[in-house]
Amino acid sequence: MAGTQSPVRVPAIELVNITKRFPGVLANDRVSVTVQHGEVHCLLGENGAGKSTLISILSGMLRPDSGSIRLDGAEVGIRSPRDALRLGIGTVYQHSTLIPALTVLENLMLGARSRLMLDRDGARKRLAEMAAQLGIEVDPEARTGDLALGRQQQVEIISALWRGSRVLILDEPTSMLTLQGVEELQKVLRRLKERGTAIVFITHKLHEALAVGDRVSILRRGRLAGALSSQQLASSSMEDLRAEIIRLMFGEESAEIAGAAELNTDLTDVEEESGSSTPVAEGDVFLELKSASARGEGTEPGIEEVSFQVREGEILGVAGMDGNGQRSLAEAIAGQRRITSGTVELFGVPVNRLSVSARQRLGLRYMTDDRLGEGIVRNLGVSLNIFLKRIGEPPFWRWGRVDRRRINAEASSLVKAFDIRTSGLEARAGTLSGGNMQKLLLARELSFNPKVVVFHKPTYGLDLKTTEHVREVIRDLVRDGAAVVVISTDLDELLELCHRVAVLSRGRLAGVVGNGPDAVDQVGSLMIGMSKGQEAA
Amino acid sequence: MALETETTADAALAAGAPTAEPSRLVRWWRTAMRSLAPVILALIAGGLLMLALGRNPVSFYVNVWQYGVASGGWQNSAVLMAPLLLIALGLIIVFRAGIWNLGYDGQYLMGAALVAGLGPSILPSWPAPLAYVVLFLVAGGTGALWTLLPAVLKAWYDINEIITTLMMSFIGIGVANILVKGPFQDPTVNIPQTRTIPFDKMLPDLGSTRVHIGVIIALGAVIVVHYALTRTSFGLRLQVLGANPRTARHVGINLRRVIVTSFLWSGFLVGIAAAVDILGLWAYVRANWNPAYGDAVIPFVFLARLNALVVVPFIAFYAVLSTGGDLAAQQVNLPTDFLLVLVALILLFMTVIEYLGRRRDMGQSYLSPGLKEALRHPLVRRRSAQ
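Protein chains in written order, with numbering that gives the first Met the number 0: chain A, 0 to 536; chain B, 0 to 385.
Bound conformation, chain A alone (with noise of 0.2 Å):
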């Protein structure tokens, strides 16, 4: 797909099958991405794509187990941030790194190779030239923490090429702008393509990726799912492009399902295997929240007025791309975050301000998706780690005293059990894989009569075999009537699992489709922010 370009041009960056493996997660895999000068090419992806490890390993902040990068045809090294700007590659990120308190000369000055003295002028004169280049109109003397985000975003667009780049990354640079924003900087990147300078676009959006992009190519759990050549971004209808990505950010299989008629039948089979013979509907309900909100922390929002009910036997799924409210509405139910209004039921009695471990008696449990900086205590022993949840309960502890051996016994027999493979029951619980990890978060959360689950991306980062094993036992927990929610940014994941799909969106529930043949085109259009019904309008 993507071999179609005239080969006389020598493409500005060639990132040739990087590769990069964090614990329990194949962030990159084999990704090769092209970005000729002069052109917007846009990695689009789901947060957790492996797009972001992707241009930090590109700026110098990350290094590549494997694969190798070029630039103008010549293999380089980055080995730092710094390296990366020698060579031209500049970064815009996200959030601003602007000096609030210092003007935008200052600023400016301040990424300049320094000598003893400023050269004020000089700069002055360099700024005038570029933003008339740009076509951005900003005032030097400004302090750049009184700009509008979208201005900052430009200076600091000048600020990357003040040092010279022919390569500019910019990562989600639409995520902080309003639509005027947007106009600008896509009027400042026409410009920038002018110069031949060679941008990397990062973006979950889709609109903007098809609006923007010259090229596009989509990431999918840490592969390249697919690449959209310039030819074809200029030849295809709009609505073939949207399917045609959707079905590669979301899957390929999901797609298939959804598309093929004769396999609707396979997917109710599916259904009546989970245990849902008896008409889901009619089961009590487990958990319900009646428009419960929450507060974000730091980059993650929180959720508004969310509810939903799940009963006893149903699978709830809950789509949406990462940093939609996810965590947020997890810990509500958990506990772990207070509910600022609305209420969290279970079995029909507000839980608000019952505390976390008050909700784990009621029968709750919530498997975090965070494995190594929430669910374990790396220094601790695995058979300790398995019972973190039940820390001075009989008979386990006895007037505060530890039976070791009690629960040397029990943690034996749910290592066994759960297929924990593990060096020993001492063992460290840092030195355990990472699906290995997640064996042990399930034997904790499900070994002591759970009735209802909150699972939190329970693949993620798990090879085939051990992700098969955890939705059986997913499976398994609902046909012994528990009520489940799944928490996944895996399409195709919920799609197998769930009875219904709930969709999370900036916080909000989109909606709450059923699983059934158009599930994934109804979801992917309400994650990406357009439900059919403004589609059509």
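Honestly, the hints are just simulated from the structure, not real lab data.
Mixed in with the good hints, there may be bad ones.
[Stated by the list, open to error] Here are the simulated lysine to any residue pairs, SDA-like style, with alpha carbons at most 25 Å apart:
#, chain 1, residue 1, chain 2, residue 2
1, A, Lys388, B, Leu254
2, B, Lys371, B, Met166
3, A, Lys388, B, Pro368
4, A, Lys204, A, Ser228
Note that the coordinates shown come from a computational prediction; the quantities given were computed from them, not determined experimentally.
Given chain A's structure and the hints, the job is docking chain B onto it.
Below, chain B without anything else, positioned relative to chain A:
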């Protein structure tokens, strides 16, 4: 290809990858080296320094041994160990939970002032065991009370405890001075100091030695604290909170309760240290007196990796160095402050090893993640330990 291997090793290290786990023996050896190396290096560097000053380091260290251990010197060292150990235990408890209690001076002096102020009235008139118990509880309770405000501010409002405990410490030192110069002032002397506890009402000595039973109390506390930290649910909760506050919240540990209780126990033990020290050794408190035991203890607490048993030999080492060193320094005509130089050298080498350890994978850091976090962001609220 050296370049490439370095890259991969670095990447694995940066990501904390579960690379091949070194054997238990190797890990133990690394930890032991990391704990002992700063002390050994400091003694060597101190020796070189003495050479440079034209003193004989060998005779200095021999004298330290002579005065600090041999010929009855061990008794003075043992007596000094009592408050040091109790303070070390108090610090270990909070440090394990990833919390800094740097208010030990204020907590100690508040306890000391009350014991020295009330002791001379209570001890002669009450039955001895009752009086001791009351004085111990008063001192321990005061120490605990002095941590309550920082504890509540941290638990409920996530306010950095480094700042609050230090500020409470200054207040405590000031209040103790007011008590000594005001209500507890000995009316028979012109010096600002409390009355003196009668000699026969002090803590009893062991046999014919000068070692009082406070030392036994401190060693008993070592056993109790070690047991509590390693065998009870309380200890595990502290450990989980210290290792990762997010995990602690996730698994349903009541963070506020753990933060407040660990602070209270810490202050209680520091207060008990004051009671043992006043009732066993000093018998009175003079205004503006501050032994600053905690400052001396902190490096050894980290060298012992917050282990209540392992800290005992380290404290013993310091006690010997301190008691023997005072006299030994005078012998070779050095100011007694030279001992502070030795402690500072230990800290210096700890820093060097910490830095090298981060560069190469040399065992674990002296500080737990929670403690590091508090140091990095002393002025902002931390969202992690909500």
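So, going through the hints one by one against the coordinates:
1. Lys388(A) - Leu254(B): With a Cα-Cα distance of about 14 Å, the restraint between Lys388(A) and Leu254(B) holds, given a limit of 25 Å.
2. Lys371(B) - Met166(B): Since the Cα atoms of Lys371(B) and Met166(B) sit roughly 20 Å apart, the hinted pair holds (cutoff 25 Å).
3. Lys388(A) - Pro368(B): Within the cut-off at roughly 21 Å; holds.
4. Lys204(A) - Ser228(A): Distance ~18 Å between Lys204(A) and Ser228(A) Cα, so the pair holds.
In terms of the numbered hints stated before, the structure departs from none.
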